[in-house]
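Please build the complex by placing chain B on the supplied structure of chain A, with the hints as guidance.
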Amino acid sequence: MIEVDGLARSYHSIEAVKDLSFRVEPGEVLGLVGPNGAGKTTTLRCIVGIIPPTRGDVRIDGQSILKNPIAAKRNIGFMPDEPRLFEHLTVLEHLQFTARVYGVADFERKAQDLLVELELTGQTDSLPGELSRGMKQKLVIACGLLHSPENLVFDEPLTGLDPLGIRRMKQTILGRARAGAAVIVSSHLLHLVEEICGRIMILKEGRKIFHGSLEEISRSLPELRGSADLEEIFLRVTRNPDSEGQGK
Amino acid sequence: MIRAFLFLLVCSLRNRVSIRLKRLRRPQYLISLLVGLAYIYFVFLHPFHWNGSREPHTNLAPDPNFFPIAEPAFALLLFGAVVSQWLLPGARRALFSEAEIQMLFPAPIPRQALLHYHMAKAQPGILFGTCITTLVAATGTLAPHAGYFFVGLWIVYTFLYLCRVAIFVARKALRTLGLAEWKLQAGMLGFLFFAAASTVVWSRWFLPEPGQTGVPAPAEAIPWFLRITGSGPAQFLLLPFQWMVRPALASAPAQFALRLLPAIGILASVYGCLRLSRVQLGEMFPSAAPAKPHSGAKTASGEIRRVHRRPPFRLAAEGAPSTAIYWKNLILAGRFSLRRIIVFIAGLFVMLAAVKTLLDGNASAIVGSVAAALAGFFILLGPIVFREDLRTDWKNLDILKTYPIHGRGIVLGEALAPSAILGFLECASLFIALWLLPAAGSIPWGFGDRIFIGLAAALLLPPISLVGILVQNATVLILPGWVHLGREHQQGVEAMGQRLISSIATALCLLLFALPAMLLSAALFFAGYRAMGMPILIPAATAASLTLLLEASAFILWLGRLFDRYDAAYEG
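One line per chain: the protein sequences are A and B, in this order. The first sequence maps to residues 505 to 752 in this note's numbering. The second sequence maps to residues 8 to 579 in this note's numbering.
For reference, chain A alone in the conformation it holds in the complex (with noise of 0.2 Å):
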């Protein structure tokens, strides 16, 4: 379970993520939308503890990411939109080098599930400048989910992947999900999140605007009459006042 309270970031005068509060439990897929620099990618780097909040905390699974955070890192696997790999490892040494971190103790059949799952079985002597932007994404992720964790983060999930390979990362996804997974996923892509996602969350300039599950987004719009798709509530949300107030 994730679980998020009252974090705030501030990048000098500038307050990224400001008092946010939520959590995913176990099997939930919570989609995390917003334009911009609505401070998605902040907020997931907090909870992943690459940066600290300024202030509230995040708990993994009841361990808090500031005070606990190796126990914390332990059990959740974060896979972020760009895939930064280790130039002269291959991918079967990118594989080896994360069960080491983590101490995978049955390595060799998890990353051989891993490699199968996600296509990767032909590379595993490639090294990263081999591989195509899909396949490094692939890569990453077969590292996120090496360890089995039971909160998992995706930071635009889908980018660099093709059609199979998308229908494949979000039989992933809700795989993991249905196994009991608390998942996190940011993306652009709406109608990745609306299919996947069992509730969503909207930030805008760093604040939570919306977060329930689509319906419930949906009746919180009478003017919207409940039929809307999430693209269209996302941008009657986020629309800023003043450029509709231009546009008309």
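If you're looking for bench data, these hints aren't it; they were derived computationally from the structure. Any given hint might turn out to be false.
[To be verified] Each computed DMTMM-like pair below joins lysine to aspartate or glutamate, with the alpha-carbon atoms no more than 20 Å apart:
| id | chain 1 | residue 1 | chain 2 | residue 2 |
| --- | --- | --- | --- | --- |
| 1 | B | 402 | B | 188 |
| 2 | A | 522 | A | 507 |
| 3 | A | 640 | A | 597 |
| 4 | B | 402 | A | 507 |
| 5 | A | 674 | A | 698 |
| 6 | A | 571 | B | 574 |
| 7 | A | 640 | A | 621 |
| 8 | A | 522 | B | 574 |
| 9 | A | 571 | A | 507 |
| 10 | A | 708 | A | 519 |
| 11 | A | 571 | A | 585 |
| 12 | A | 640 | B | 105 |
| 13 | B | 402 | A | 585 |
| 14 | A | 614 | B | 325 |
| 15 | B | 128 | B | 107 |
| 16 | A | 571 | B | 571 |
| 17 | A | 674 | A | 617 |
| 18 | A | 640 | A | 586 |
| 19 | A | 708 | A | 660 |
| 20 | B | 128 | B | 105 |
| 21 | B | 402 | A | 586 |
| 22 | A | 640 | B | 405 |
| 23 | B | 402 | A | 591 |
| 24 | A | 708 | A | 659 |
Chain B alone, transformed into the frame defined by chain A:
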């Protein structure tokens, strides 16, 4: 087209300068700039001596004894620089940036225009390098005339730049013909071996040898060097390079003009070859490629991908996680597998035995002196040069921060690989020096003494390397702006200041760390030397080594805490 390229170059330069100026708002960059400027002023431009007297600062007069040796020595250096461009991995890198390849190559731009753009882009760097070298040389004994030296050096640097492009083009052409990477390397090494062997044979048969015992005195060594480089195969090999360096060493206008002609001729011929060549200037390696059946396989275009090399050792899935970082950094540093190390040591033994038995005392002394100098270089500058640690891993800070490893584990893992490599190289160099150097002065240098000195060094050098590397990593965590992070090379006056501060800080910290160890080992040595003789070196070195390791452990704990608290949002 020229206007478009000019726009690109001017805008890029303007924005680069603007970023540098904005960076000065941060105190560490401003201080670095001031130190860099002060360094240039006091060392190169200050009209007064350091002691404060108001006597005019007289440049060291050019040494007339230096000039006969300068020409072949610089030619040899230039030859080495050109050859290294072929042998080192830098020559395999793309000439253009990824952005340039993406934006310029699909555009309807002729190859020659791209070549000219590349040449123009290189000029600010060449001019900056020329200015700095002229400033350094003009205060010393190297430059007979600063103006000619500046122009001559610009020609040399431009020649080196054109050679890099030409080598890239030649490699690419040869590889397109199906020649494997190792064949290209082996060809160059074979050529070098042939050149060296023919020079040795020539000098043995036709040239009188200097004194047979001891290190050759400069009076004997310089004429010997001049005879070797001025006759036979070496003369032919170095001739074009001598033509290139001659204008920089000219002292009169007529001499300069006469020397300029052949140099310009060579420059023009390299440029002409590049212009006439049809080889595309894009990347040597494909940035992305489909599945690879096995290492060293060819792509459809005939190019060969990076060869996958064996990891240094088998990494078990369970155990200390810092070992994983050590393992990764050893791979990144060039894969120091156990098999390679054994082959290296065996080769070294054979080579040294050959030098010791087949060649005369002079050759042994020269090789030994070079090895001793190398050991000194590794000890003093190794921690700055070997940087497969937090300095290069900083771009992966986001990933490192997500790992369930304490900061101390990350710092230890990061520092281990360069320390191990450095320690190994230092010990190897010292071993060669101790084997080959002849006895000198009052030091007995018997076989037993050398063994004890070697063992003491083997005990002391690895912890010293570890401390040196930790100091560099501390700079990354405390003042990331003062150390060059990642692989990208920083240029500019403030970068020079940063490097200067970093070097001074490293030396001071090393001294500070080494002081307790030095005092302890000195006390042990002087107390026990009368009773034990040279074997006392071993306990003294052990005590010093343990002290250093203790200090290093405390340092790692502190750096680990810094890493844990580090906010990646600002510097990552």
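Problem - Hint numbers contradicted by this structure - result: 1, 4 and 11
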